Amino acid sequence: MSTDWSVRERDYGAESSVHSRSGRATLVHPLQSATEAKKAAELEGTVQKLKRKQDADAAAAAAAAAAANADAANAAAAATAAADLDPLSAMLAKANSAGSTPLNDPLSGGIMDPLSAAAAMGGAGSSIGGTGSSASGPTSGLSGRLSLAHDVDMVADDGETFEPWVARRGAILQKYTTSEKLSIVTSFLTVGDKTMLKAQSALTDKVRHRVEQLDDFEGTDQEKLDELSQQDYMNRIEELNQELIKAWDADQRVKSLKIAIQCAKLLADTAVIRFYPSKFVLITDILDTFGRLVYDRIRLKSSYFKPGAVKPVVLPEDFTPSMVPDSAKETCRNWFFKIASIRELIPRLYVETAILKCYSFLTTDEYTHALGRLSKMIRGIGDPLVCVYARAYLCRVGWTVAPNVRGYLAGNLSDFFFAFKQVQSSAVARILQEQNVDLGSYLNLYAPAVEWLLNCIAYRAPEATLEKILKQYNDQCKSAVVLNAILTAFRPTYVSSQATIFTELIRTADCTGFAIHDLYRTLGTNLVLSDPPEKLRLTILNEVWKVVMKLTDPIPYMSCAEVWIEYPVKHFGAAQINAFLGDVIKHVTVDRAFESFYPQLQSIVNKVLSHITDFGMLFSMDKFMPFIDLFQKASIKVDVCKAVMEAFVKRQLVPTADPVILNALVYVGKVLHDAIDALSFDDERRQTSNLICGFLRKVSFGRDLEQQLNFYVEARANFTNLDTVLIHLTQCANTLVMRAQTIVKGRHTKKTAAFARACIAYSFITIPSIVDVVSRLNLYLLAGQVALANQALPQADAFFRAAVTLIPDIPKTTEIDLKQRSTEPILVSFLLEFLSTLLVVPDHPDHGKLYMVKGLINMIQTYQWEENGDGKIRVYMGILSLMASMHQTHYAYRIEGVESNDTLYGGETSFLEEINKVVVAVNEEILTHLASLQDNANAEAHKRQADLALQLFNLVISLSDLSSAKNASLAVNLWNLTKRNNAFDVALMKRSANYLKTLAGEVDEAKRAAYEGVVARLK
Amino acid sequence: MRNEDTPNGVTEIPFEFPLKPKPGQSLYETYHGVFVNIQYNLKADMKRSMLNKDLSKTLEFLVENKPDTEKRTDVRVDFNISPDTLDNVRQKDRVSPFKISGSLNTATCSIVKPFLGQFVVESSTIDIKSIELQLLRVETCGCAEGYAKDATEIQNIQIADGDVCRGQAIPVHMIFPRLFTCPTLATKNFKIEFEVNIVVVFQDGHLVTENFPIKLIRDA
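From first to last, the protein sequence lines are chains A and B.
For the first sequence, my numbering gives the first residue as 7, with consecutive numbering after it.
For the second sequence, my numbering gives the first residue as 17, with consecutive numbering after it.
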């Protein structure tokens, strides 16, 4: 085969008006793809206006893909960097407008490979999904709430939450426990001696007989189990529950009722009073079971005849009493009669309440009546604790069976307030003394019941209800436990509009059993959720803080401060926030108390950060940084600093040069940076790098570029250990140069030239300290291009030389997306771009012609390429393209102010010969490689051979002059080689052949015959 | 009825008859008491041929008067219980002071409706243990030596448990037990009457009872 090669002369301008070129996907290359995408977009824009929009999209997608693929580990930063910082885009755009670039053919990445595009889209999508799901967080927990349609008592449901009973159950069981021994009186558990006969009230013997008969189903042969631990007790109650269900299933209804009654009776017993709320929970569970069983049974018995139907069907969910057959109604009435004759008040109330739902079989409006009656009957319970829990149970059942009936709720609460003085009664005092319980913890036992009552009332109640309740409270109760329940039950908007009244009430509340600071905390929580009236805001804060400030114990103090910090942050300016922070510092520095409050202090910082948008104000507060210094435990300090940095990166919208902010954030960044060591996780490193880069991006000294560079110098000194940050800084320096260039409109003055060199020097110094070789390589190229664009030829040379000498150091594999990948595609891609840059780089006057290209070829030859790979050959083909381009009298593109080889040599023969030598040598290499593939007998090798041969064929026909016989026969030989092993792609070959035909139609008349000859020989 | 050829198997023969008192007498509602019983039985005899024994079966049926449709107005019965109202205590000043006031909605009660009222414990120096509502039935029988009167407690329900809050009105609510009550009845030979006791039990074991005779009627 011939090794001669004569280059076809081209007129790029003319060609671009005839052809539109389709690009090919470049290989993965973090920096290039973004720039190339831009280039492609620009190119397409000039050539083919119609496709503009699509390509812009493609460019954006490519930028995103670059972000996704960036081994620089800084996805977000890279994306923005690609969009904001690319210093070359301007230059290349300029260059491109000169004409289409044949060299870019193998390089330009206008078309994204679909997979990475999908990945990019997926990434964006998932991040949106992520925020979406977190946003929907607060609304959860509302599900399962009853929908209450219309009631004059109610106001519209604007997302008000109602915490259902089941949610409270567990908390109550956990909170109210005891280590004391409990006892249980029942006739259904273990068999043993019939010891304790229940004492009857004094009656004549004669009637007693009858009474016992009547009372029979209350059980007379009861047994008392003593000395039970809490766990035993709970097990026993569960046994009773099982027993109840068992009896029911065995059709022993009376026994079931007896069990229910005995259970209810346990609630009259206040023997171990600390355990009472938990006991209430356990036993009402059983009663609920009982109620459900009775209801289900009657419903089952109430199968009715639909009008016209022959077979009876079970009642629908929304049945009316008229559908219930008389027999079922009779059964239902029997239950109520039986229960009405229960001798003792408390079991009678509880059991009737338990089967309250059965009233729906009788009449429609029975609920209102029954709930009102039972509420009044509860007044007969003397023990105030037992009484309030009975009310809670009634409201609980009423809430589920008749959510629209609400009148009785207020009645229950007023009764409770009226009877609240009972807690001071001698009976209660006696119980407390016997059991050694103080009044405070006794009052705490009321909390669950009162909270439930208030919640039922407050749910969708108008504001007037709150006012009424507050009045009752103030007149009759004044207990902090109750006040807290009121504060938590009503919606924050109501509380905040009554805030001044609340501060007054808190001040005067009787704080037995509930600390005043907890009240302030609850109030604070409300006020944070809903803003109080504007003119009262300061008064409220002063009023509250006057008291809280005086707390010397840091525990209650912090519990208030943690909540209240949001108040000044939301409503007031720096002065108040600062004062607040100062106050906190003062309180927690005593005895190094802050050490035990890191979570709270952290939450304070987070709350401050979440509302701040003016970071100048934040850092100008003289207490904020000292506050940060409170975190003396390294890991927490890092977390806090991270939060500060995150807030800044997220909320600081405009770049800043405020020295206060910069000082503070450099300090914060340094804390983050210094926390990274060899043992840190990659993710940690990535996060920190992201944050610091985000910060650096927000720093701008406007037109004071020197100041900006100084800042970068300082930043480099501070953040030396983070590759991503150094890469970012290098990019920043590059951007800086290009900005300077834009400012002087491409013509550097003496002063700006010096500045440009300073920036370039900055890059040159920074790049070697980057660990990642591939990044270093890319940055050398980029910085070289920047230097070139700024007419700094020696510097550009230095960069390129550095890049070339770095090539042997490239690791064979690198980690991309957590997978080990070969670096060869990256290298090939890099080299191709390097080659396109070399077109415009003028030869160094002291070194020989094509010094850089030759050096590169040497490096390629000695580089350890993968066996069974064609990377090397593809680069050689790139060199062929480059040589063809260099051969032209006018290059496809140029850089303003740089004289490329075309003007430098002006088509000098010795230069052209030099090019030819290179071509010949490279061509030889390629052909040898093709031949070696032929020796290899496997199909894979043949496929590769066919592909390469076709590629080379394409190069030859597009770059060389086929009127030269040697070239023509080379082309024909390659064509035949492609076909030889039947491993070719028919479609591709067809396109190549068509291209040749088009060319044949376009070339000069003189050469046309030769071209057509070649076309003919391809058959 | 005569039928020589009752077929094998179940033969149902419907019947009905008007229930009428003998002249000069009246039919009372079915009632099962301790000393007085009013019972209506239906007896069926089946005469059979020579070789078989005759068969007989008795079944009780209940008689209930038609509800009284007459309109009546409830008259409230107010009461006060304090040491002064006690009549079996001589030295009233030795009883620790207390005052309970209240009212019953009416003393003429419909048997199918709850017995209603309310009371307020206005004061009591000693803690109250329990307040109960006792329903008594008084049966009186005339006999040769005059008459015998016996009271039976037929229901006792607690309406207050423990030392209740002073000054708060507590409802009185009791449903008449269906099996043990009937409309108040007075005849020449016997009487069935009802009374209600409000029993206040104090913590120290003392017991105060206030008695109210009531009249039960069958009302619509």
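I should point out that these hints are in silico values taken from the structure, not numbers from a laboratory.
Since the model is a prediction, treat every value here as computed from it, not as a measurement.
Positions of the beta carbon are idealized from the N, C-alpha and C atoms, including for glycine.
Be aware that one or more of the hints could be misleading.
What the hints assert, rightly or not - Computed Cβ-Cβ distance ranges for the label pairs, DEER-style:
hint, chain 1, residue 1, chain 2, residue 2, range
1, B, Pro113, A, Glu244, 32 to 38 Å
2, A, Glu440, B, Asn213, 39 to 45 Å
3, A, Gln441, B, Val93, 38 to 44 Å
4, A, Ser333, B, Pro113, 29 to 35 Å
5, A, Glu440, B, Pro113, 23 to 29 Å
6, B, Thr85, A, Gln441, 42 to 48 Å
Unchecked claim - Computed footprint of chain A on chain B, listed as stretches where at least three residues anywhere in the stretch have a Cβ under 8 Å from a Cβ of chain A:
hint, region
7, 24 to 32
8, 135 to 149
9, 186 to 194
Legend entry - Annotated coverage of the region 186 to 194 of chain B by chain A, confirmed only when three residues or more have a Cβ within 8 Å: Result for this restraint: holds, n = 7.
Inset, instruction - Could you say whether the range 39 to 45 Å given as a hint is met by the Cβ separation of Glu440(A) and Asn213(B)? - result: 33 Å, violated
Inset, instruction - Apply the coverage criterion to the region 24 to 32 of chain B and chain A: a residue qualifies when its Cβ sits closer than 8 Å to a Cβ of the chain, and three qualifying residues are needed. - result: That given contact is violated, which follows from only 0 residues of the region 24 to 32 of chain B lying within Cβ reach (below 8 Å) of chain A.
Legend entry - Pairwise beta carbon distance, Thr85(B) to Gln441(A), judged against the given window 42 to 48 Å: Once the Cβ atoms are compared, 58 Å apart, the range 42 to 48 Å for Gln441(A) and Thr85(B) is violated.
Inset, instruction - Look at the Cβ atoms of Glu440(A) and Pro113(B) and judge whether their distance stays inside 23 to 29 Å. - result: Since Glu440(A) and Pro113(B) have Cβ atoms about 27 Å apart, the given range 23 to 29 Å holds.
Legend entry - Verdict for Ser333(A), Pro113(B) (Cβ pair) under range 29 to 35 Å: With Cβ atoms ~54 Å apart, the hint is violated.
Inset, instruction - Could you check the hint for me, namely that Pro113(B) and Glu244(A) are 32 to 38 Å apart, CB to CB? - result: 48 Å, violated
Legend entry - Coverage claim, chain A over the region 135 to 149 of chain B, checked by counting residues with Cβ within 8 Å (three needed): The restraint on the region 135 to 149 of chain B holds, since 5 of its residues have a Cβ under 8 Å from chain A and three suffice.
Inset, instruction - Kindly confirm whether 38 to 44 Å is satisfied by the beta carbon distance between Gln441(A) and Val93(B). - result: 42 Å, holds
Of the numbered hints listed earlier, those contradicted by the structure are 1, 2, 4, 6 and 7.
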